[in-house]
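Participant: If you're matching them up, the sequences are chains H and Z in order.
First residue of the first sequence? That's 1 in the working numbering, and the numbers climb one at a time after it.
First residue of the second sequence? That's 1 in the working numbering, and the numbers climb one at a time after it.
Possibly wrong hints are sitting among the right ones.
Treat identical chains as interchangeable: a pair holds within one or across any two.
As the list claims (entries may be wrong) - Derived lysine-lysine pairs resembling DSS-like cross-links, with alpha carbons at most 25 Å apart: (1) K56 - K109; (2) K52 - K82; (3) K52 - K109; (4) K79 - K56; (5) K82 - K109; (6) K52 - K79; (7) K56 - K82; (8) K79 - K109.
In short, the hints are calculated from the structure, not lab data.
Number of protein chains: 2
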Amino acid sequence: MSEPPNDNPKPVREQGRFAYEGLERVIHERARLSILSSLAAHPAGLVFNDLKALCKLTDGNLSRQLSVLQEHGFVEIWKGFKNNRPQTLVRLTATGQERFLEYIANLEKVVADAVRLREASTSHPATEGLLPT
Amino acid sequence: MSEPPNDNPKPVREQGRFAYEGLERVIHERARLSILSSLAAHPAGLVFNDLKALCKLTDGNLSRQLSVLQEHGFVEIWKGFKNNRPQTLVRLTATGQERFLEYIANLEKVVADAVRLREASTSHPATEGLLPT
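Given the sequences, and given the hints that come with them, work out the whole structure.
Facilitator: Here it is in structure tokens:
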């Protein structure tokens with residue numbers, strides 16, 4: 001028994017294949033991604049000014065984004081003294097680390113999808129009957 | 001001649017090391033990243049409805065984001081007929097492809113920075129003299 005020929009072959013468009021729903025909004029915003037990446041690379045934490053320099057953020061923007069990240073349980077904020085000067089130390093929480101790594105796994109999917117393009121030829125097939133707007 | 005000992009060794013904090021300025025705002029927004037990734041994977045272009053399904057976007061949101069991407073020269077929008085029905089075809093421009101790949105190279109840096117964390121132990125050194133807020 002053979003299958004009847006398919007008169008209407010259509011590529012299966014997997015619903016949401018490129019929706020990247022794992023790119024969590026809280027992490028995806030560039031300033032916050034920058035903060036979380038810095039903290040991930042420094043497991044002992046970073047003082048406010050070092051974090052500010054690494055992320056090239058203003059005091060106000062860094063404070064605002066840290067509040068958002070703290071509210072969502074991504075970071076811990078510690079107050080203390082170092083060399084007799086008041087300091088703020090920021091560290092990734094265990095949850096923050098876990099969710100950041102999940103986010104990164106999703107970024108890896110975005111990269112893997114794109115790498116195909118880089119490796120493929122840049123063919124531009126004809127588009128007969130179509131006019132640019 | 002030997003160098004004098006450095007009494008105050010301090011880790012060099014490369015200014016903006018984690019600023020990720022290459023994560024271009026126009027591309028980084030998740031819906032637009034989704035659209036560009038879909039188009040990058042389909043060099044011949046995609047009709048509006050297929051693009052909508054792949055990105056799980058509403059008609060309104062897809063239209064809006066396509067306008068932004070067209071304004072910035074990332075995509076071409078073509079009007080035509082397929083099976084006697086009016087269709088909209090969307091394709092990545094050459095510039096769009098180039099800038100998308102640059103963006104992806106920057107995402108790869110974010111991933112590479114994070115992979116260190118995944119491979120490192122999850123040590124949490126003591127934070128004497130510091131109190132959580």
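Participant: Hints first: check each against the structure and report whether it holds.
Facilitator: For each hint, the structure was consulted:
1. In the homo-oligomer, the alpha carbons of K56 and K109 lie at most 25 Å apart only across protomers (17 Å), although the nearest pairing inside one protomer, at 27 Å, exceeds that limit.
2. For a Cα distance limit of 25 Å, the shortest separation of K52 from K82 inside one copy, 17 Å, qualifies, whereas the shortest one across copies, 54 Å, does not.
3. In this assembly of identical chains, K52 and K109 lie within 25 Å of each other by CA distance solely across copies; the values are 19 Å between and 29 Å within a copy.
4. Proximity of K79 to K56 under the C-alpha cut-off of 25 Å is restricted to the intra-copy arrangement: shortest distance 22 Å within a copy versus 43 Å between copies.
5. Within a single copy, K82 and K109 get their C-alpha atoms no closer than 41 Å, and across copies no closer than 32 Å, so neither meets the 25 Å cut-off.
6. Taking identical chains as interchangeable, the C-alpha atoms of K52 and K79 lie at most 25 Å apart only when both belong to the same chain, with a minimum of 16 Å there against 48 Å between chains.
7. In this homomeric assembly, K56 and K82 come within 25 Å of each other (Cα to Cα) only inside a single copy, at 23 Å, whereas the closest approach across copies is 50 Å.
8. Taking the shortest alpha-carbon separations for K79 and K109, neither the intra-copy value of 38 Å nor the inter-copy value of 31 Å comes in at or below 25 Å.
Comparing the model with each earlier hint shows violations of hints 5 and 8; every other hint is respected.
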